[in-house]
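There are 4 protein chains.
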Amino acid sequence: MTAVERPRTIHRVRVGYGDTDQARVVHHASYLRYLEQARVEFLRDNGLEYGTWEKKEKVGLPVVELSVRYRAPARFDDLLEIETWVGKATRASITFVYRVRCGIRVLADATVRLACVGLEDGVLHRVPDEVLRACWGPAHGV
Amino acid sequence: MTAVERPRTIHRVRVGYGDTDQARVVHHASYLRYLEQARVEFLRDNGLEYGTWEKKEKVGLPVVELSVRYRAPARFDDLLEIETWVGKATRASITFVYRVRCGIRVLADATVRLACVGLEDGVLHRVPDEVLRACWGPAHGV
Amino acid sequence: MTAVERPRTIHRVRVGYGDTDQARVVHHASYLRYLEQARVEFLRDNGLEYGTWEKKEKVGLPVVELSVRYRAPARFDDLLEIETWVGKATRASITFVYRVRCGIRVLADATVRLACVGLEDGVLHRVPDEVLRACWGPAHGV
Amino acid sequence: MTAVERPRTIHRVRVGYGDTDQARVVHHASYLRYLEQARVEFLRDNGLEYGTWEKKEKVGLPVVELSVRYRAPARFDDLLEIETWVGKATRASITFVYRVRCGIRVLADATVRLACVGLEDGVLHRVPDEVLRACWGPAHGV
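Quick note, the sequences are listed as chains A, B, C and D, same order. Counting in the working numbering, the first sequence runs from 77 upward without gaps. Counting in the working numbering, the second sequence runs from 77 upward without gaps. Counting in the working numbering, the third sequence runs from 77 upward without gaps. Counting in the working numbering, the fourth sequence runs from 77 upward without gaps.
Be aware that one or more of the hints could be misleading.
Treat identical chains as interchangeable: a pair holds within one or across any two.
As the list claims (entries may be wrong) - Taking lysine to any residue and the SDA-like style, the derived pairs with C-alpha atoms no more than 20 Å apart in a straight line are:
1. LYS131 <-> GLU159
2. LYS132 <-> GLY179
3. LYS164 <-> TYR126
4. LYS164 <-> GLY123
5. LYS131 <-> ARG100
6. LYS164 <-> THR85
7. LYS134 <-> ALA99
8. LYS131 <-> PRO149
9. LYS134 <-> ARG88
10. LYS164 <-> SER143
11. LYS134 <-> SER169
12. LYS132 <-> TRP161
13. LYS134 <-> VAL182
14. LYS134 <-> ARG120
15. LYS132 <-> GLU196
None of these hints come from the bench; they were simulated from the model.
Construct the entire structure; sequences and hints are all you get.
Here's what the structure looks like:
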């Protein structure tokens, strides 16, 4: 019997000029946009079209906690690779884990925790099956 | 008989570090955020709380056209003054005019045209009286 | 004799969640980031690596004027196509022209004029040959 | 003998329209801009003009680590209060702590750790006295 492989994706992002600041490196807030794009692509690659799903279900997955460790600066025009996987996924919340690289250099590590809330009322929901399935991969049979 | 004075406001903005880019000046897109803040404050100063109004009326005032002429660069920590007035306001659209200064230096001129649309359906509406009143000032008696 | 074809490029952008605003459409300022990415890719496709060039020459191409006409809203997760070409390129400035589409719908038209300035001193320079060549395409033989 | 009071500041921020996303709340990345503004004002209030200092010393204080806990959503036009203080300040790094409130509601807690690096070479420096003095307040006599 083999261990079940959790899905991992690589999302590529080209650093824009406006993503930098006057220290001539990528501003720390720009990474959150990259992580968000990587997350949406991760879910799509694993069967969940987030936009369609959010609209249909009238729930969303807002960020409730995040941490980033910046290890080395990214620069304008760098082609970044955002490796993305799920560290933990329960009925209460989902924690995405990211590693940002430029070539072989690790530029940043991050975790972003999401909860599930109603879009109209802001009330906390249990994380639905279809989200957990996208997070854990098909082999887990949620 | 004297000419009726149209309202003008001055909105002050402190340039943030993340507003700059690697050319060590304020990135051109950052100005749009300053103009938007100035517009919201102009409307508030002239009797229209935009957020409350939008929520109540279920219509919004999206930007349909804008132009900016950048004359001199703004820099981190500059204290900018955004002079704001209405160039034209009809039932079809409203054109805000802006002059951005730092001290006596003019950094940018801009115009932003807004239309009125339903937030649910995106359908074009006539610009309501209460918006025109805020744009033209009380003396115009719309 | 045939007319010389000016270069045109199509840059694809996926709309991020953070690019939207509470009207549930893409915020008007987000487009400036898309246009900037499209411009950098246009120059790369036509032989100018902007980042490398800026660093080597110590001059930049800041935006001195822009105008955008927003025709229809873009939404989260839309895959936009930014068609990009040069409307005018002289020793004094370069004007890029853009058409933003989602499928066959035109969402926005824009023009962005750039000048050439020294990065250290902010002094206006003549637009260099290698930039004009990238703008006009190889057939023009600047 | 009394405990020495560490400086605390309150920075007020008005939420802009473009700071929101289609879930009709402030996008999580927008908070980083608010925290950065609050940090610059904290340093100014405690005697360090960050922009002037960075330019003169040719060193900067980039973010090397951050974490945010989002407790309740902020909305368009909310007037936020960012309480800011220094949790830890050593020769190696400085940790700012933030509490974001709207009225009496706590919306977010955050910590941001900064290091001191050369702007030209990116080399790590010891945190200078004048920065530590601004962090700890005058009573500490660094």
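Against the structure, the hints come out as follows:
1. LYS131 <-> GLU159: Answer is neither; intra-copy 27 Å and inter-copy 29 Å both fail.
2. LYS132 <-> GLY179: neither (39 Å within a copy, 22 Å between copies)
3. LYS164 <-> TYR126: Within. Shortest intra-copy distance 19 Å satisfies the 20 Å Cα cut-off; inter-copy 40 Å does not.
4. LYS164 <-> GLY123: Result: close within a single copy only, 18 Å intra versus 44 Å inter.
5. LYS131 <-> ARG100: between (39 Å within a copy, 11 Å between copies)
6. LYS164 <-> THR85: within (16 Å within a copy, 37 Å between copies)
7. LYS134 <-> ALA99: between (41 Å within a copy, 10 Å between copies)
8. LYS131 <-> PRO149: For LYS131 and PRO149, only the inter-copy Cα distance (17 Å) is at most 20 Å; the intra-copy one is 37 Å.
9. LYS134 <-> ARG88: Classified as neither; 29 Å inside a copy, 28 Å across copies.
10. LYS164 <-> SER143: both (15 Å within a copy, 18 Å between copies)
11. LYS134 <-> SER169: within (17 Å within a copy, 33 Å between copies)
12. LYS132 <-> TRP161: neither (25 Å within a copy, 39 Å between copies)
13. LYS134 <-> VAL182: So LYS134 and VAL182 fail the 20 Å test inside a copy (37 Å) and across (26 Å) alike.
14. LYS134 <-> ARG120: Within. Shortest intra-copy distance 18 Å satisfies the 20 Å Cα cut-off; inter-copy 32 Å does not.
15. LYS132 <-> GLU196: both (13 Å within a copy, 16 Å between copies)
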